[in-house]
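Visitor: Listed here are the chains, written in short residue letters.
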Amino acid sequence: MHPHRKRKLNIILLILMVIALAITLTLYALRQNISLFYSPLQLATEKIPAHQTIRVGGVVVPGSVVRGTGDLLVHFKITDYRRTIEVSYRGILPDLFREGQGIVTQGQLIDAQHFNAVEVLAKHDEKYMPPEVKSSLSSASQSNLPQSPKANL
Amino acid sequence: MIAELGLFALCWSLVFAMLLVIVPTLGLWYQKPTWCKASGVYVLGQFVFVAIAYLCLTLCFLRNDFTVVYVLTNSSISLPWFYKLCAVWGGHEGSMLLWVAVLSLWMVAVCGLSRGLDDAFRVRVLVVLGGLSVGFLLFLLATSNPFARQFEVLDSVGRDLNPLLQDPGFLFHPPMLYMGYVGFSVAFAFAIAALWMGRVESSWAKWTRPWTLAAWCCLTAGITLGSWWAYRELGWGGWWFWDPVENASFMPWLVGTALIHSLIVSEQRQQFVAWTLLLAICAFSLSLVGTFLVRSGVLTSVHAFAVDPLRGLYILIFLLIVIGGSLVLFALRAHTLQRQDKPDVVSRESALLLNNVFLAVTMLTVLLGTIYPLLIDGLGLGKLSVGAPYFNTLFIILMLPMLLLMGIGVHLRWQRDVLRTVVVRLGWAVILSALLPFVSLMCFDRAMTVPIYAGLALACWVILSTGIALYRRVQRRGLTGLTFAYLGMVIAHLGVAVSVLGITISSGYGIQDDVKMAPGDHIQIAGMHIMFVNEENLTGPNYHGSRTRFDIQDGQRQATIYPEKRVYDVGKMPMTESAIDVTPFRDVYIALGEPLDETAWSIRLYYKPFVRWIWGGGFLILTGGFLALIDRRYYLTRKTHDMVIE
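Going line by line, the protein sequences match chains B and H.
Following this note's numbering, the numbering of the first sequence begins with 1 at its first residue and continues without gaps.
Following this note's numbering, the numbering of the second sequence begins with 1 at its first residue and continues without gaps.
Check each hint, because a few of them may be wrong.
Capping the alpha-carbon separation at 30 Å, the derived lysine-lysine pairs in BS3-like fashion look like this [stated by the list, open to error]:
1. H:Lys-572 to H:Lys-516
2. B:Lys-8 to H:Lys-342
3. H:Lys-383 to B:Lys-47
4. H:Lys-206 to H:Lys-32
5. H:Lys-342 to H:Lys-206
6. B:Lys-8 to H:Lys-206
7. H:Lys-342 to B:Lys-6
8. H:Lys-206 to H:Lys-37
Here are some chain H residues the structure puts well away from chain B; computed CB gaps all over 10 Å [what the hints assert, rightly or not]:
9. Met-18
10. Trp-29
11. Ile-77
12. Ala-142
13. Thr-336
14. Val-361
15. Thr-393
16. Leu-432
17. Gly-467
18. Asp-569
19. Asp-587
Here are some, though not all, of the chain H residues that point toward chain B, as calculated from beta-carbon distances under 7 Å [to be verified]:
20. Val-357
21. Lys-383
22. Ser-385
23. Pro-389
24. Asp-514
25. Ser-602
Since the hints were made in silico from the structure, they are not lab data.
By construction, the Cβ of each residue, glycine as well, lies at the ideal position given by its N, Cα and C atoms.
Please take these sequences and the hints and turn them into a complete structure.
Guide: Structure, rendered in structure tokens:
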């Protein structure tokens with residue numbers, strides 16, 4: 001082969017290899033690190049493999065937050081106004097975690113009624129509702145819906 | 001009255017922006033130099049009126065004019081004045097106004113500082129920038145008027161600025177970031193103007209590189225500040241979360257980094273020209289996509305202000321026109337820019353090409369992780385999120401060869417080099433960087449894992465190899481032979497190594513502990529003695545809460561820090577104000593969780609060794625960029641006006 005062409009071929013091969021490696025790694029890493037979102041109703045009706053990291057979101061049921069004594073274990077219930085699931089979490093809850101607030105938790109399902117959270121997410125401000133929770137609530141009964149942010153304006 | 005004046009000024013700036021697009025374009029078409037010359041006046045006019053609009057909005061904030069909806073939702077009577085100044089960009093409308101203001105500022109700078117440029121080219125650059133201004137000004141006026149009034153709520157004290165944003169970091173982070181984002185528009189305009197002309201002058205890269213460097217420096221500063229702010233304020237001790245909004249600023253930075261490297265090749269060797277143009281288009285497109293992702297509220301995060309489909313639609317169409325249009329133009333014209341003299345495989349050109357490939361691939365993986373949830377949701381396949389481990393894994397894997405390459409690349413010569421001489425030259429650097437981490441970890445008696453070893457060894461490698469390159473340069477040319485650009489490269493590369501050290505050590509040996517503590521309790525962490533002394537009430541201008549005192553005993557060193565829990569009065573929103581004991585080699589970070597009973601709190605403790613080095617490295621990278629920016633060669637050519645036509 002012409003040396004000039006050979007050189008060109010080498011460069012192209014090198015670039016292709018880097019890209020192929022990147023794509024393989026990307027797809028592999030993506031598969032490992034995706035967590036799907038479920039509402040409590042979906043948890044009750046759909047079959048979800050245990051030990052898979054998922055996200056569950058809903059509104060914290062008022063009066064359901066129970067703290068352990070001595071350590072940082074906390075139990076609470078989250079609901080989409082159709083089904084309710086009990087969540088246990090060990091650690092510090094975020095500032096905006098409160099009863100009646102829409103939150104998202106990430107962790108693993110123990111059984112159909114119990115969820116073990118390793119992360120609790122409650123961001124933004126007190127008027128804010130996570131979009132996943134909002135869309136799962138809007139398919140539930142409207143009467144219990146907390147005010148949407150726009151309703152205040 | 002002030003708000004109306006602001007709106008009026010905004011309308012006028014739109015008129016000037018439109019004139020800037022139309023008149024010089026017609027001037028180019030009908031060959032009327034006087035029409036082209038008018039562009040300077042329009043740029044100035046647009047700038048003055050945008051500045052007036054911005055000042056008006058600031059005045060509305062300072063005067064607590066709550067009939068302006070935007071002021072009502074983002075300020076309150078009790079907000080301190082300096083936060084009022086930056087509350088101007090605390091919401092969607094104001095941040096878009098800041099965007100336009102920053103764009104106008106860059107335009108005035110381009111207009112004033114590029115007089116040495118060929119007129120036909122300079123006018124085209126300004127027209128492209130004018131077109132972008134029209135897009136954003138229309139967006140402001142049509143969908144997000146910051147001066148809109150309301151007369152329903154008249155007795156309000158204001159809804160207050162989001163407490164998360166009430167932090168000194170917010171004074172500097174957004175403007176810097178915007179300077180960077182918007183600054184890439186200049187490189188973009190230079191690229192489009194070159195494609196429009198249908199040819200690239202040999203001095204094109206020389207003109208483009210300082211502007212790109214300036215934007216890149218601002219973006220670097222913005223990202224570094226943002227990371228530091230997240231560490232203090234938002235993140236409970238984390239400094240990077242792969243949050244979509246962080247990614248939105250990081251992607252243009254990656255492409256911008258590739259761009260300043262490929263511009264070197266275009267400038268010195270007249271090669272990679274088409275690729276450089278494509279990168280310039282990509283860098284700005286990613287800035288636009290970033291703005292779109294963040295501002296349309298598609299993404300859930302602290303930074304997303306509002307959900308309004310009309311805005312989303314507008315930005316989507318705008319993106320389509322700008323990105324689609326420029327890519328089509330590129331596809332039509334790029335093939336005319338090919339050069340023939342191909343460099344050898346072992347050459348600096350190849351090293352810089354590989355650098356570009358890695359940076360581009362890294363950007364694509366970040367992009368994929370960021371938009372994947374959106375794509376899946378858009379296709380109705382369910383809701384999911386991509387976790388930080390995805391980004392960490394890929395980023396680290398892609399950065400390892402990149403750092404390796406960085407050490408070799410700086411030693412290679414242009415056009416052709418012999419790999420063997422470089423290997424011989426760097427032989428002992430390789431051995432030393434393989435041994436040093438091993439020895440130092442043994443000395444400090446720390447456990448070693450593969451990622452930590454790799455990180456330390458590569459950081460050593462970059463430092464040693466860059467040091468050798470600097471030494472050889474001084475040996476050959478003397479101290480006076482060092483240009484600012486070369487010095488900038490050395491410092492920026494060392495900055496990367498310093499950041500890598502910080503990241504490796506803080507994530508490898510950092511300790512996190514969540515505990516329950518009451519006043520009088522103490523705890524041992526990383527050989528330090530930490531005591532919860534007391535708790536007292538706290539009253540601030542627009543908040544109240546608790547302030548606790550912790551004493552830290554670290555060997556001979558005594559320190560006292562005061563973590564706080566604040567509740568902001570207007571929104572009743574609780575906020576954690578963490579406290580940090582800082583030394584160059586470690587941070588002790590304490591944040592209050594929640595009160596558990598009468599006296600006890602849940603408390604998060606961090607011991608983070610070398611965490612300051614992460615931002616130290618960022619600062620060095622910024623310094624390097626700045627040094628390269630003030631290199632003499634960019635200012636010498638301006639006097640000679642040598643625009644060589646191919």
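Visitor: Is the claim that Trp-29 (chain H) lies outside the interface with chain B correct, judged by CB distances over 10 Å?
Guide: holds, 41 Å
Visitor: Holds or violated: is the Cβ of Lys-383 (chain H) closer than 7 Å to a Cβ in chain B?
Guide: holds, 4 Å
Visitor: Does Val-357 (chain H) pass the interface hint, meaning its C-beta sits closer than 7 Å to a C-beta of chain B?
Guide: Holds. Min distance 6 Å.
Visitor: Taking the least C-beta to C-beta distance, is Ser-602 (chain H) closer than 7 Å to chain B?
Guide: Constraint on Ser-602 (chain H) satisfied, holds at 5 Å.
Visitor: Given the hinted pair Lys-572 (chain H) and Lys-516 (chain H), is their Cα-Cα distance within 30 Å?
Guide: holds, 25 Å
Visitor: Could you grab the alpha-carbon distance between Lys-342 (chain H) and Lys-6 (chain B) and see if it respects the 30 Å cut-off?
Guide: holds, 12 Å
Visitor: Please verify that the nearest CB of chain B lies beyond 10 Å from Thr-336 (chain H)'s CB.
Guide: holds, 21 Å
Visitor: Taking only the CA atoms, is the gap from Lys-206 (chain H) to Lys-37 (chain H) under or equal to 30 Å?
Guide: Holds: Lys-206 (chain H) and Lys-37 (chain H) sit about 23 Å apart, inside 30 Å.
Visitor: Would you check whether the claim that Ile-77 (chain H) is not at the interface survives, using Cβ distances to chain B and the 10 Å cut-off?
Guide: With a cut-off of 10 Å, Ile-77 (chain H) remains clear of chain B, as the shortest Cβ separation is near 19 Å.
Visitor: Is it the case that Leu-432 (chain H) keeps its Cβ farther than 10 Å from each residue Cβ in chain B?
Guide: Check passes; 28 Å lies beyond 10 Å.
Visitor: For Asp-569 (chain H), is the shortest CB-to-CB distance to chain B above 10 Å, so the non-interface label stands?
Guide: Given that every Cβ of chain B is farther than 10 Å from that of Asp-569 (chain H), nearest at about 13 Å, it holds.
Visitor: Could you let me know if the closest chain B CB is still more than 10 Å away from the CB of Met-18 (chain H)?
Guide: Given a closest Cβ separation of 32 Å, the condition holds.
In summary, the structure is inconsistent with hints 14, 15 from the numbered list given earlier, while agreeing with the others.
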